[in-house]
Amino acid sequence: HDSFDALLDDLPASRLHLLSTHARASYTDMRVERGDLVVFGRETRGLDKALLERFSDRCFRIPMWNDARSLNLAVAAGIVVYEGLRQLGCLRRA
Numbered sequence: 052h053d054s055f056d057a058l059l060d061d062l063p064a065s066r067l068h069l070l071s072t073h074a075r076a077s078y079t080d081m082r083v084e085r086g087d088l089v090v091f092g093r094e095t096r097g098l099d100k101a102l103l104e105r106f107s108d109r110c111f112r113i114p115m116w117n118d119a120r121s122l123n124l125a126v127a128a129g130i131v132v133y134e135g136l137r138q139l140g141c142l143r144r145a
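Using the working numbering, the letters of the sequence shown correspond one by one to residues 52 to 145.
In case anyone wonders, no lab produced these hints; they're calculated from the structure. Backbone N, C-alpha and C define an ideal beta-carbon position, used for all residues, glycine too. Honestly, I wouldn't trust all of these hints.
Derived CB-CB ranges, DEER-like [to be verified]: (1) V126 / L59: 24 to 32 Å; (2) R120 / H52: 16 to 24 Å; (3) T95 / F55: 15 to 23 Å.
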């Protein structure tokens, strides 16, 4: 694809998972399939508001505790990717 917008136009919305601190649904509510696209925003600004509005039913958050506002991007990505791998059955038991 020549641009992110072109990719979004070709991708069925059900294959898209957007992570945002403003979402209502938890990342554990995501149903991941092989080939899905998980999108994280910048640590400083998150994802573009227009993107979140366009795909509002595909937005998920990582629930936080107490006064914590957010996690850094690497930690958030690790949590969500691990959950996706778990759903896909890619994790081995030790």
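**Message:** If you test the structure against every hint from before, which numbers come out violated?
**Reply:** Of the numbered hints given earlier, the structure breaks just one, which is hint 2.
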